[in-house]
Amino acid sequence: MTNIPDTPGKRTGDEGWALSIQGLTVSYGAQAVVFSVDWRVPRESMSVIVGPNGAGKSTLLKAMLGIIPAVSGEVRIFGQPFASQRDRIAYVPQRASVDWDFPASVFDVVAMGQYRELGWWRRRRAQHRAHVLECLERVGMRDFADRQIGQLSGGQRQRVFMARALAQRADIYVLDEPFAGVDAATERALVEVLRSVVREGATVLCVHHDLATVTEYFQHVLLLNVRRIAAGPVHEVFTEALLQETYGGRLTALQLARMPDQARPTPSETPLAKVS
Amino acid sequence: MNALFEALLMQAGFNTALVCIGAALLGAAAGGVGTFILLRRRSLASDAAGHATLPGLTAAFIIMAWLTGDGRWMPALMVGAAISAGLGLAAVHALAARTRLPEEAAIGAVLSVFFGAGVVLMTVVQVIGTGGQAGIATYLLGSAAGMLRHEAALIAAMAFATAVAAFLLRRPLTMLCFDEDFAAMNGVAVRWIDLALSALLLAVVVTGLKVVGLVLSVALSIIPPVAARFWTNRVHHMVIVAAAIGATGGYVGAAVSSAAHNLPTGAVIVLTLFTLFIVSLLFAPARGLLAGVWRHQVFRRRVHRRQGLLALARGEAIYDGFTLRVLRSAGWIRRDGVPTQTGRRAAREAARDEALWALHRQRQPGDGAFRYYHRVMPIRAVLPPDVVRDLERQFDLADVAAAREPRRGA
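These protein sequence lines map, in sequence, to chains A and B. Residues in the first sequence are numbered consecutively from 1, following the numbering used here. Residues in the second sequence are numbered consecutively from 1001, following the numbering used here.
Since the hints were made in silico from the structure, they are not lab data. Just so you know, even glycine gets a beta-carbon here, dropped at the ideal spot from N, CA and C. Misleading hints may appear alongside valid ones.
Facing chain A, from chain B, some residues (calculated, C-beta under 7 Å) [what the hints assert, rightly or not]: (1) M1175; (2) N1233; (3) R1234.
Taking beta-carbon pairs under 10 Å as the criterion, some of the chain A residues facing chain B (in silico) [said to hold, decoys possible]: (4) K62; (5) D99; (6) Y115; (7) W120; (8) Q148; (9) Q151; (10) S153; (11) Q168.
Bound-form chain A, shown alone (with noise of 0.2 Å):
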């Protein structure tokens, strides 16, 4: 199994790494969905995490997130604890999760992403509407910014939340399954955003089901299945073998076939043996 490799010599800092959890355990009544995982998420790169539909991956998301609370565990980011540093998170919930009948336009939003700027009283002055209108640029959703969010496209909506979360002007980005059911279009669109904040320092985190594009986008991946499966850069963890081991054995030859060249097993070398 493969493990992310400590810095040398520096076994204190979690300064390194955007975001470390360690034993974290979620539970829905006196079950676990998620057991002790530890994770490391290196910074300014894409991570991802990747499981089977009930590994607990949207569920590990939240409880890192302190969106539900977990049963134990520590969540660090950037070496603080959580609390001290939550502003420095945006979270792209899935687009399911919110009533798109509600009213508001594609601005009020990303809007929202000000919050913490702007509290309960302050106005809302030139600046900020520039900085909304600006966020829906880099989204390429300038033009629909006074449309009711409900006529937007299900790539649109996940666009308007990118938006939002850009709003914030976060140090990480944590998105549940930002492509599920989005247009090609909007998939390329939202890559390249992600990959702009990156360049511009930031760390996202995604939870993603297309196992076709992991190693196209992501440098680093958690494999989950309740429990760690393994993690690390993705040209050593994500494997066949772990691959299924993830999976419980369920992956078809068909899924495989789709995966790039480089996680299939060639026939001179195991893939665990590539780790090692």
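Keeping the supplied structure of chain A fixed, place chain B upon it in accordance with the hints.
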């Protein structure tokens, strides 16, 4: 009739005017708070809160009757009502959160048990037979007519304070209603804001006890926002429209029932609100039924016009009666179905527009603009002029090439 107009025009004396203003303020506060209640999907909880006031109200009455001989002092009744309604809401919340009961079952149970307890206490009031026992019945359905001046002033002040509080909390409330998880991540103290919303709801219900009555108090916080939803697609507008509708309902209800003494105010308010709701449902331009029918008709015409023009362009026969009527009324075909000069030109333009859309789809497969294509809008009306010019240039080049192709082959 005369008395009614006098009341509506605030000519029926200072007391009546004050009552009407108080009721209007109450309606405005209820509409504003109700908007967030509706968006938070807690409308039924306001019904539970209303009915759950009864035991506290009657208990307060009994205690005061014991102590002073008269149980009708409104502030104490309000406090009693607020306490038992608060307990009711807490019970609903606890049942829904701690057990597997769905919230509506919890609401039903709490509502009926509290109301039943209140009714039992009311018979106790009758048994004691203190002065002013009739006064408590007016809290069931509301009675603006017999209201004292200080009561009306208190109601106005409380309604105003509630409205101000709702206004101050509008941002966190909106965040909470739209996306609770996101709100929590962004520093909205979700639990406290939720509690504040419940407190605002309690304030509205308790303030409205004497005006709208506890049985119908739910209407005052539900109907205005529901009606307002037809008029607008943005929260801050919805709050204002709901407040206006609530204020109108409260004002008219108080005025009418103070002119006609035996009409319960709550019932008149509800009927007024319902009228405004029907008007909104039918005539509101944003989401009203007639506007929807109208938009559909416009769209249907556009579809038939486009289909007809494309058929003309391809030289196909048209059989659909509506399509023929549309084309004829536009002057594009003659009575016998033969296209006119302008008809032929329009057909060419339509075919070209289709082709430009197709070309655009080739170049930008996922563009959001295709929503408009599916709404049969001409490409010029949707895409910026420079993009259209570029498309046309490409299209014409392809056209020229295609025209040359066979010649070269020949």
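>> Of all the hints numbered above, which does this structure not satisfy? Sort the numbers upward.
In response: Violated: none.
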